[in-house]
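Undergrad: Residue strings, one per chain:
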Amino acid sequence: MTDSNTTRREGDGGRRRFLGGLGLLSMAWAGGLLYPVYRYLAPTIPKDPFDAEGKAPVEGVKAEDIAQPGQGRNAGFAGGGLVVFRTPEGELRALSSKCTHAGCNVEFQGGSIHCHCHGGVYDLEGKNVSGPPPKPLTRYRVAEQGGLLYVYRPDKA
Amino acid sequence: MQAREGEMADHMHTVPEEALKELPPAHKALGKLGRALLARFPVWPIVDFLRNKKVPEHRHAAWYMMGGLALFFFAIQVFTGILLMVYYRPAEPWQSVQRIVMEVPYGNLMRSIHHWSANLMILTLFLHMFSAYFMKAYRAPREGTWLVGLALLGLCMAFGFSGYLLPWDDLSFFATNVGLTEMEKAPGLGPWLASLLRGGPAVTTDTIGRFYVLHVVVLPLAVLGLIGMHLLFVQIQGMSEPDSFAALPACQKKHKKFFFDYFASEIPVWLAAFALLVALSAIWPRALEAEADPFGAAPLGIKPEWYFLAQYQALKLFPGKLEYAGMALMGIVPLLCALVPFFDRAVPSDRRGTWIERAGVALLVGFVVLTVWGWIS
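First to last, the protein sequences are chains A and B. Each residue of the first sequence is one higher than the last, beginning at 1 in this note's numbering. Each residue of the second sequence is one higher than the last, beginning at 1 in this note's numbering.
Just so you know, the hints here were simulated from the structure itself, not pulled from any lab data. Glycine is no exception: its CB is placed at the ideal position from the N, C-alpha and C atoms. Mixed in with the good hints, there may be bad ones.
[As the list claims (entries may be wrong)] Derived, one-sided and incomplete: chain A residues facing chain B with beta-carbon distance under 10 Å:
hint: 1; residue: F18
hint: 2; residue: L41
hint: 3; residue: T44
hint: 4; residue: P46
hint: 5; residue: V142
[Claimed, not checked] Computed far set for chain B versus chain A, every beta-carbon distance over 10 Å:
hint: 6; residue: L20
hint: 7; residue: P42
hint: 8; residue: V43
hint: 9; residue: G68
hint: 10; residue: G81
hint: 11; residue: L83
hint: 12; residue: E92
hint: 13; residue: E103
hint: 14; residue: P105
hint: 15; residue: G107
hint: 16; residue: E143
hint: 17; residue: A186
hint: 18; residue: G199
hint: 19; residue: F259
hint: 20; residue: G320
All chains, please: the whole structure from these sequences, using the hints.
TA: Structure, rendered in structure tokens:
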């Protein structure tokens, strides 16, 4: 009994090493298989929405749509959603429309900006003034050129 | 709540003595898990059954591997099919396949593996069917397994036909057109079925919606259900033994344990099949032709996939009004295959068995000749 156990244990050493090596090899093989699958599924990095001058066209709204003070629209550009509006003083502004609380699209309501999901309110500077939003909305420099609107890459802080 | 050995909470099952002997000791994690599971799910008889599952060993035993191999290719199809569905859009079929081929990392590889695995699966199914036929595995009591297997072969060909349209390139458009036109000529349900599949008088993107749903929902569900039946039948009835093996005295019959002796010998076959798939896909990736133009001329030399070539060639051999004869032949062959187990109930030495063997050889030769003829003509 003791003898056969000893023999078995000695034999097991080689067997264990072999199985261990086989395990490592299969893990490497599985990794090699999963890598293409991961790459296939991994989202590709989106193209930079801004051109060489740091400018991107605004889609869904034209300058004439918001010619009057107090007019505003939800719009967007390749990098995300926007609210574009004129302040009561007539200044053209563009803010990210993505609420900083839970990511809903906010709405321009004349004197302030509201999020309907959880009642967040921002002022026309984009500052969070009431409700759950923790941070102000990102502000973009916006310019009108030939009736079309463009936003610029925000300056890095 | 802790249940000590021998003292069980209500609704718990007693773990059989035999199971306790086989499980790792109770103080080890696996042993503990095994005891806990068996106390909750009294499945030891099933485990024991599978542990004792045996495969006959004889010189034709290699053919037993075909079913497992087909299942392996099917698993590859499910896996790569799910991956392709991530980017495929039935509303912009060609554009989305082009994106898979041109832009998505390894997309061309995934699509090519799906293509090659489909072809090898059908080839394996044919080998599986003919080997079961010549080993007379269809005989009572295994008529059900044979019939379900035939249905599976038919459904897999429907898989091929429905998947062929989805890329919406020139080839797929005209192949579907031809296939549905032939179906329309079949008497009886033909015109009705063809129009139902086509979703109108002509093949349009509406047809894609129908073929897509068939290809990714209806056929997979049906095939999975039938595979379950097929495998269950085999487990209940055991592996069929060819006459030469069955005639041996019990002491000379050698068997291999399925777990894990036989199973382990299947793994290298699957690995080789996988290597072959990847190699074929890398060397001959599936091409994407120009986007289908419903008003353009059909491309030169257009032919169906190889597994439809025999039918295609048979139809060409019966021109004009004789086409119905060709179609009748095509309907009769599967019907005869389905009836074989009910005709051949005979003992091994009976004459009927010989006739069935000859008919099988004739079918196999006919199929190969028509396929090759269709290929080269």
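Undergrad: Next, verify each hint and record whether it holds.
TA: Now for the hints, and whether the structure bears them out:
| no. | hint | verdict |
| --- | --- | --- |
| 1 | F18 | 14 Å, violated |
| 2 | L41 | 7 Å, holds |
| 3 | T44 | 7 Å, holds |
| 4 | P46 | 13 Å, violated |
| 5 | V142 | 32 Å, violated |
| 6 | L20 | 22 Å, holds |
| 7 | P42 | 32 Å, holds |
| 8 | V43 | 28 Å, holds |
| 9 | G68 | 19 Å, holds |
| 10 | G81 | 13 Å, holds |
| 11 | L83 | 6 Å, violated |
| 12 | E92 | 18 Å, holds |
| 13 | E103 | 7 Å, violated |
| 14 | P105 | 4 Å, violated |
| 15 | G107 | 6 Å, violated |
| 16 | E143 | 40 Å, holds |
| 17 | A186 | 41 Å, holds |
| 18 | G199 | 31 Å, holds |
| 19 | F259 | 17 Å, holds |
| 20 | G320 | 50 Å, holds |
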